[in-house]
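As they're listed, the protein sequences go chains A, B, C and D. Sequential numbering of the first sequence, starting at 0, is according to numbering that gives the first Met the number 0. Sequential numbering of the second sequence, starting at 0, is according to numbering that gives the first Met the number 0. Sequential numbering of the third sequence, starting at 0, is according to numbering that gives the first Met the number 0. Sequential numbering of the fourth sequence, starting at 0, is according to numbering that gives the first Met the number 0.
Do not take every clue at face value.
[To be verified] Restricting the straight-line Cα-Cα distance to at most 27 Å, the calculated cross-link-like pairs of lysine-lysine (DSS-like) are:
no.	chain 1	residue 1	chain 2	residue 2
1	D	Lys149	D	Lys15
2	B	Lys230	A	Lys8
3	C	Lys149	C	Lys166
4	C	Lys67	A	Lys33
5	D	Lys15	B	Lys8
6	A	Lys230	B	Lys8
7	A	Lys147	A	Lys118
8	A	Lys230	B	Lys1
9	B	Lys1	A	Lys1
10	A	Lys8	C	Lys15
11	C	Lys163	C	Lys149
12	B	Lys202	A	Lys230
13	D	Lys15	D	Lys67
14	C	Lys67	A	Lys124
15	C	Lys171	A	Lys147
16	A	Lys118	A	Lys42
17	A	Lys147	C	Lys168
18	D	Lys149	D	Lys166
19	D	Lys67	B	Lys8
20	C	Lys15	C	Lys67
21	B	Lys118	D	Lys67
22	B	Lys1	A	Lys202
23	A	Lys147	C	Lys166
No wet-lab data here; the hints were simulated from the structure.
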Amino acid sequence: MKKIINDPKNYVDESLEGLVLAYPSEFECIGANKRVVVRPDSKASGKVGLATGGGFGHLPLFAGYVGEGLLDSCAVGDVFAGPSANDVTEAIEAADFGSGVLSIIGNYGGDRMVFNMVKDALESKGVRNQLVIVADDVASAPPLEHSKRRGVAGLTFAFKIAGAAAERGRTLDDVAAITERAMNNCRSIGVALSSCTIPQAGKPTFEIDDESIEMGMGIHGEQGVWRGGLKSADDLADEMLDRVLEDNPIASGERIALLCNSLGATPIDELFIFYRRLAQRLSSAGVDIALPMIGHYTTSMEMAGITVSVMTLDDELESLMREPAACPFWRNL
Amino acid sequence: MKKIINDPKNYVDESLEGLVLAYPSEFECIGANKRVVVRPDSKASGKVGLATGGGFGHLPLFAGYVGEGLLDSCAVGDVFAGPSANDVTEAIEAADFGSGVLSIIGNYGGDRMVFNMVKDALESKGVRNQLVIVADDVASAPPLEHSKRRGVAGLTFAFKIAGAAAERGRTLDDVAAITERAMNNCRSIGVALSSCTIPQAGKPTFEIDDESIEMGMGIHGEQGVWRGGLKSADDLADEMLDRVLEDNPIASGERIALLCNSLGATPIDELFIFYRRLAQRLSSAGVDIALPMIGHYTTSMEMAGITVSVMTLDDELESLMREPAACPFWRNL
Amino acid sequence: MTQEYDSADLSMIFAKVCERLIDAAPHLNELDAQLGDGDLGTTLRAVATALQGELCNMPLPISDFMEKISQIIAGVSGSSFSAIMMAGVNRVAAETNGQNTLLSTQISDLIRLAMESMMGAGGANLGDKTVLDGLNGIADAIDRETDHTKLASAADEALSRIMKDFKSKPCKIGRARLAGDRSIGLDDPGMTALKHMIEAINGSHDSGSDFTGGVDAH
Amino acid sequence: MTQEYDSADLSMIFAKVCERLIDAAPHLNELDAQLGDGDLGTTLRAVATALQGELCNMPLPISDFMEKISQIIAGVSGSSFSAIMMAGVNRVAAETNGQNTLLSTQISDLIRLAMESMMGAGGANLGDKTVLDGLNGIADAIDRETDHTKLASAADEALSRIMKDFKSKPCKIGRARLAGDRSIGLDDPGMTALKHMIEAINGSHDSGSDFTGGVDAH
Ligand SMILES: Nc1ncnc2c1ncn2[C@@H]1O[C@H](COP(=O)(O)OP(=O)(O)O)[C@@H](O)[C@H]1O
Ligand SMILES: Nc1ncnc2c1ncn2[C@@H]1O[C@H](COP(=O)(O)OP(=O)(O)O)[C@@H](O)[C@H]1O
Ligand SMILES: [Mg+2]
Ligand SMILES: [Mg+2]
Ligand SMILES: [Mg+2]
Ligand SMILES: [Mg+2]
Numbered sequence: 000m001k002k003i004i005n006d007p008k009n010y011v012d013e014s015l016e017g018l019v020l021a022y023p024s025e026f027e028c029i030g031a032n033k034r035v036v037v038r039p040d041s042k043a044s045g046k047v048g049l050a051t052g053g054g055f056g057h058l059p060l061f062a063g064y065v066g067e068g069l070l071d072s073c074a075v076g077d078v079f080a081g082p083s084a085n086d087v088t089e090a091i092e093a094a095d096f097g098s099g100v101l102s103i104i105g106n107y108g109g110d111r112m113v114f115n116m117v118k119d120a121l122e123s124k125g126v127r128n129q130l131v132i133v134a135d136d137v138a139s140a141p142p143l144e145h146s147k148r149r150g151v152a153g154l155t156f157a158f159k160i161a162g163a164a165a166e167r168g169r170t171l172d173d174v175a176a177i178t179e180r181a182m183n184n185c186r187s188i189g190v191a192l193s194s195c196t197i198p199q200a201g202k203p204t205f206e207i208d209d210e211s212i213e214m215g216m217g218i219h220g221e222q223g224v225w226r227g228g229l230k231s232a233d234d235l236a237d238e239m240l241d242r243v244l245e246d247n248p249i250a251s252g253e254r255i256a257l258l259c260n261s262l263g264a265t266p267i268d269e270l271f272i273f274y275r276r277l278a279q280r281l282s283s284a285g286v287d288i289a290l291p292m293i294g295h296y297t298t299s300m301e302m303a304g305i306t307v308s309v310m311t312l313d314d315e316l317e318s319l320m321r322e323p324a325a326c327p328f329w330r331n332l
Numbered sequence: 000m001k002k003i004i005n006d007p008k009n010y011v012d013e014s015l016e017g018l019v020l021a022y023p024s025e026f027e028c029i030g031a032n033k034r035v036v037v038r039p040d041s042k043a044s045g046k047v048g049l050a051t052g053g054g055f056g057h058l059p060l061f062a063g064y065v066g067e068g069l070l071d072s073c074a075v076g077d078v079f080a081g082p083s084a085n086d087v088t089e090a091i092e093a094a095d096f097g098s099g100v101l102s103i104i105g106n107y108g109g110d111r112m113v114f115n116m117v118k119d120a121l122e123s124k125g126v127r128n129q130l131v132i133v134a135d136d137v138a139s140a141p142p143l144e145h146s147k148r149r150g151v152a153g154l155t156f157a158f159k160i161a162g163a164a165a166e167r168g169r170t171l172d173d174v175a176a177i178t179e180r181a182m183n184n185c186r187s188i189g190v191a192l193s194s195c196t197i198p199q200a201g202k203p204t205f206e207i208d209d210e211s212i213e214m215g216m217g218i219h220g221e222q223g224v225w226r227g228g229l230k231s232a233d234d235l236a237d238e239m240l241d242r243v244l245e246d247n248p249i250a251s252g253e254r255i256a257l258l259c260n261s262l263g264a265t266p267i268d269e270l271f272i273f274y275r276r277l278a279q280r281l282s283s284a285g286v287d288i289a290l291p292m293i294g295h296y297t298t299s300m301e302m303a304g305i306t307v308s309v310m311t312l313d314d315e316l317e318s319l320m321r322e323p324a325a326c327p328f329w330r331n332l
Numbered sequence: 000m001t002q003e004y005d006s007a008d009l010s011m012i013f014a015k016v017c018e019r020l021i022d023a024a025p026h027l028n029e030l031d032a033q034l035g036d037g038d039l040g041t042t043l044r045a046v047a048t049a050l051q052g053e054l055c056n057m058p059l060p061i062s063d064f065m066e067k068i069s070q071i072i073a074g075v076s077g078s079s080f081s082a083i084m085m086a087g088v089n090r091v092a093a094e095t096n097g098q099n100t101l102l103s104t105q106i107s108d109l110i111r112l113a114m115e116s117m118m119g120a121g122g123a124n125l126g127d128k129t130v131l132d133g134l135n136g137i138a139d140a141i142d143r144e145t146d147h148t149k150l151a152s153a154a155d156e157a158l159s160r161i162m163k164d165f166k167s168k169p170c171k172i173g174r175a176r177l178a179g180d181r182s183i184g185l186d187d188p189g190m191t192a193l194k195h196m197i198e199a200i201n202g203s204h205d206s207g208s209d210f211t212g213g214v215d216a217h
Numbered sequence: 000m001t002q003e004y005d006s007a008d009l010s011m012i013f014a015k016v017c018e019r020l021i022d023a024a025p026h027l028n029e030l031d032a033q034l035g036d037g038d039l040g041t042t043l044r045a046v047a048t049a050l051q052g053e054l055c056n057m058p059l060p061i062s063d064f065m066e067k068i069s070q071i072i073a074g075v076s077g078s079s080f081s082a083i084m085m086a087g088v089n090r091v092a093a094e095t096n097g098q099n100t101l102l103s104t105q106i107s108d109l110i111r112l113a114m115e116s117m118m119g120a121g122g123a124n125l126g127d128k129t130v131l132d133g134l135n136g137i138a139d140a141i142d143r144e145t146d147h148t149k150l151a152s153a154a155d156e157a158l159s160r161i162m163k164d165f166k167s168k169p170c171k172i173g174r175a176r177l178a179g180d181r182s183i184g185l186d187d188p189g190m191t192a193l194k195h196m197i198e199a200i201n202g203s204h205d206s207g208s209d210f211t212g213g214v215d216a217h
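Sequences and hints are given; from them, build the entire structure.
In structure tokens:
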């Protein structure tokens, strides 16, 4: 295992410490385990609170998106392992400004169960809270079983949309409904070229030979739709766009947000080579990439690969995406 | 070679095309070879122009730092190979708004010679222009031969300082002098865990075994100061900080800008683990990290590794660093 | 023949379970890595370690004892298995209100009630190849066993049989579902974790027999 | 015995050089990868390819011919070697103003003047183990050679000798300087490129003899 780390046991805690040391006015770790990231001295009041939680190893997802115009809190688990129920409870409580809390999480069994349990427990204590589960990865289940799909980079859109809607003073029901609508409009898919290594495991999560790639792989190395020879950037872009559009056709004249994301090790140069093809294809189909996002938004540690997320926009979604947000990992559009 | 690319011959041109497609109001490629990146519809007038140029494969360096408050133009070479004299000429001419042009480049033989030749040729044609050569890599030559050092991530600081000074309407001599002062205050060093692969070479630039790292390696894979076993993040941070501070001691009470940069494949998690130690060390030495920058600023394609750059600040340098700049790869401080 | 377990008995049983789970962590991680995300061992080690530190002062009645366990899980882990366990333990807590001892004759019913809550929380059905199928087999087996000294061995035997049955079936829920036919021929990690726990109570040792030590399938 | 080279003669010579440089590109990249950044072959292939397309309509006088070459280099490449070549070619252009032919007896002096400009541009000295040391040896050798039909072979022989001498010395400038003692035992890539050019003119073929095909030193 070749990583710039200290004791693998401290991977998450030291990384969070570094995050807070780097951005002390943006992030603070609270709670019994210091695993709940919040906005220090948050001036939020009266607005709907936004919480999330998930495994670590996907920075900027999840904790990095705590910030003004984005999330209010995040419960942080271990690498690729969900946060504990207590941390989730603390995260939701920390995001309660009197108008209820919306939790937005990826569709993973553990996270879903824990957030659901905590939701019920908090509700019975009088904390109004709802849950939106993001399931945008088209490679992980067919359309008829879309509720079984994994949540991947589309989470970034969900956080931004919900964050802006909450800042605008919308109600809990409204924020939840808008976020659901955004995610109904959103589809993602990834391709992996190499594995990541969970620090405490000490060896790659999977083996893949020098000539092979895996289409549709999840952000924890979950199995994809095929494994085979490396293809050209254009062929990969074509296939991934086709898979996404097949699931959610986009008509000429529509406007979209397009996220072209490095899973970690894939350099920016390659993202642009890949994006070039996406842009050419979409433009010749008459689709307007109103909001292009290219960079590291949802990663899988040192995994090499790219994910594509497409979200069709209506006027409200586009204006919410364009609202400024203050967060070191968010670039205003 | 496992990269998401098409024909290696088109690596640079397709990557630039993607860049322009993604950010059409931020970047435009002009010139005979379409290898000169400029700000489209630049409203600059009367200010000192800022040009750069260098090999490709380091995004956001060099071309990505064209933008308001940063550079006006960049001549782009091939992967790890400097731009042609004609492209450099076009870049400098494109940055000429009537008050002279400052070129800022890394200290590499080819770039230095080409920019010097072009400088003389343009001067004899009446285009006022100066050249600042950045040589911040302490690993590449001892202090007495500091002018032989390579230019690495410190270039990012140089661009920002010069860009802000030019926006403030300073003269060519002033902008050059301020940039030189900033670079006199700046030192960098890198450590590499893995090689990059030049697309047209098709295989890694160097071999390094699974247990070894190379301290002091350059951003093209140039030889470092030692090769040996992987160390902990804290030990690496200590050694790198020591080497930088030995060359340019920083007193308690001083303020610095600190860039903790991924060479490409190193994930953000690790940057924060590494940064944590830097911050602890500097804070216990009474040094104030007024401007922390953590992320992908100067890369070497898929090379894994981290570079550290420290620049001591005076009031003017700090305020220039803090000026907002409009560029997809620059986060306002 | 009925036995009553008091708080000290239960603490001793959990102590054995915790010790075993800590030892089994690498095995469970490997198994989970082949079908899921490789964290089941780490999860259970974290829970076991936290629980070990509390076993000397567990509260009574049994409902409080169980709630304390649930709280310990809530404090350290959030994976599917821990969430399922919490749902089950919470149900047992609710059903043992006021009891200062647990009766051996109660256990199979408590397991079935716990399973009901676990299914509610996780949405799994019997036959999906999860820890639930193991629990179901155990509940049936100890129901039929009247000699309380043989409860653990009956449970252990039943579980061995069930794991053998399920080995040739695919996982139908959770991360392992994605592995599809690749999950055929592999034990479910959750059932294997349960096997380690039962073996710890029974004092037997064979759930590691399949352990190959390599994660090359993915 | 003096020979005059007109534009057609020079074009033919450059045609051979270009062809050879394109073939030698992988070899030169490998060599440069061991000591520098591995782009020398690619650089020279780009220059040669661009030059090939223009060789059928090169201008006169010789100064314009040379300027055209400089412009072609300026259009396609910016590495150290091309910058050095441009400085040299520009100087030759300046010295051949108005000449419609090049005299064989001029060549050694032109090389020396070119070297002066190349040293000015790059800051290298003789002995630094660069293309300059090769040029220096060639200038001396053809100065002594009165039979113009033997100029190319004299240059080739001299260069072989010089490369052998320098092989055991370290590179002292450019990227290769950093390789320090590792550059001992390796040919300088720039001198090797020159060797390829001279061999192309001479019709000989041995500069590839050392080519090992692996880049494992770094
Ligand atoms: N929905 C579910 N209902 C019941 N048991 C489940 C469910 N999902 C997973 N499991 C059990 O949990 C085990 C995996 O646990 P764990 O590694 O904690 O899950 P994950 O890492 O996917 O959150 C499986 O082997 C299975 O026995
Ligand atoms: N300053 C210099 N003066 C003369 N020749 C030089 C100088 N620097 C490099 N060279 C020659 O150029 C060769 C390398 O060329 P090239 O690969 O283009 O350089 P780089 O890629 O480092 O810019 C060296 O082998 C050497 O012969
Ligand atoms: Mg998990
Ligand atoms: Mg070069
Ligand atoms: Mg798991
Ligand atoms: Mg070179």
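Here is what the structure says about each hint:
Restraint check for D:Lys149 and D:Lys15: the C-alpha separation of about 17 Å stays at or below 27 Å, so the hint holds. The straight-line distance between the Cα atoms of B:Lys230 and A:Lys8 is roughly 16 Å, inside the 27 Å bound, and the hint therefore holds. Restraint check for C:Lys149 and C:Lys166: satisfied, since their Cα atoms lie roughly 26 Å apart, inside the 27 Å limit. Proposed proximity of C:Lys67 and A:Lys33 is supported: the alpha carbons are some 21 Å apart, at most 27 Å.
A distance of roughly 24 Å separates the Cα atoms of D:Lys15 and B:Lys8; the hinted pair therefore holds under the 27 Å criterion. For the given pair, A:Lys230 sits about 16 Å from B:Lys8 by alpha-carbon distance, which is consistent with the 27 Å threshold. With a C-alpha separation of about 20 Å, the suggested pair A:Lys147 and A:Lys118 falls inside the 27 Å cut-off, and the hint holds. Proposed proximity of A:Lys230 and B:Lys1 is supported: the alpha carbons are some 10 Å apart, at most 27 Å.
Under the criterion of a C-alpha separation no larger than 27 Å, the hint pairing B:Lys1 with A:Lys1 is consistent with the structure, at around 19 Å. At most 27 Å may separate the alpha-carbon atoms for a hinted pair to count; A:Lys8 and C:Lys15 meet this at roughly 25 Å. Between C:Lys163 and C:Lys149 the CA atoms are separated by roughly 21 Å; this keeps the pair inside 27 Å, and the hint holds. About 17 Å separates the Cα atoms of B:Lys202 and A:Lys230, which keeps this hinted pair within 27 Å; it holds.
A distance of roughly 18 Å separates the Cα atoms of D:Lys15 and D:Lys67; the hinted pair therefore holds under the 27 Å criterion. Distance check on the hinted pair: C:Lys67 and A:Lys124 sit about 19 Å apart at the alpha-carbon level, within 27 Å; holds. With a C-alpha separation of about 11 Å, the suggested pair C:Lys171 and A:Lys147 falls inside the 27 Å cut-off, and the hint holds. With a CA separation close to 24 Å, the supplied pair A:Lys118 and A:Lys42 stays within the 27 Å bound.
Under the criterion of a C-alpha separation no larger than 27 Å, the hint pairing A:Lys147 with C:Lys168 is consistent with the structure, at around 20 Å. For the hint pairing D:Lys149 with D:Lys166, the CA-to-CA distance comes to about 26 Å; that is within 27 Å, so the pair holds. At roughly 26 Å between alpha-carbon atoms, D:Lys67 and B:Lys8 fall within 27 Å of each other, so this suggested pair holds. At most 27 Å may separate the alpha-carbon atoms for a hinted pair to count; C:Lys15 and C:Lys67 meet this at roughly 18 Å.
Between B:Lys118 and D:Lys67 the CA atoms are separated by roughly 20 Å; this keeps the pair inside 27 Å, and the hint holds. Using a Cα cut-off of 27 Å, the hinted pair B:Lys1 and A:Lys202 holds, with the two alpha carbons roughly 20 Å apart. Distance restraint check for A:Lys147 and C:Lys166: the Cα-Cα separation of roughly 24 Å lies within the 27 Å cut-off, and the hinted pair is therefore satisfied.
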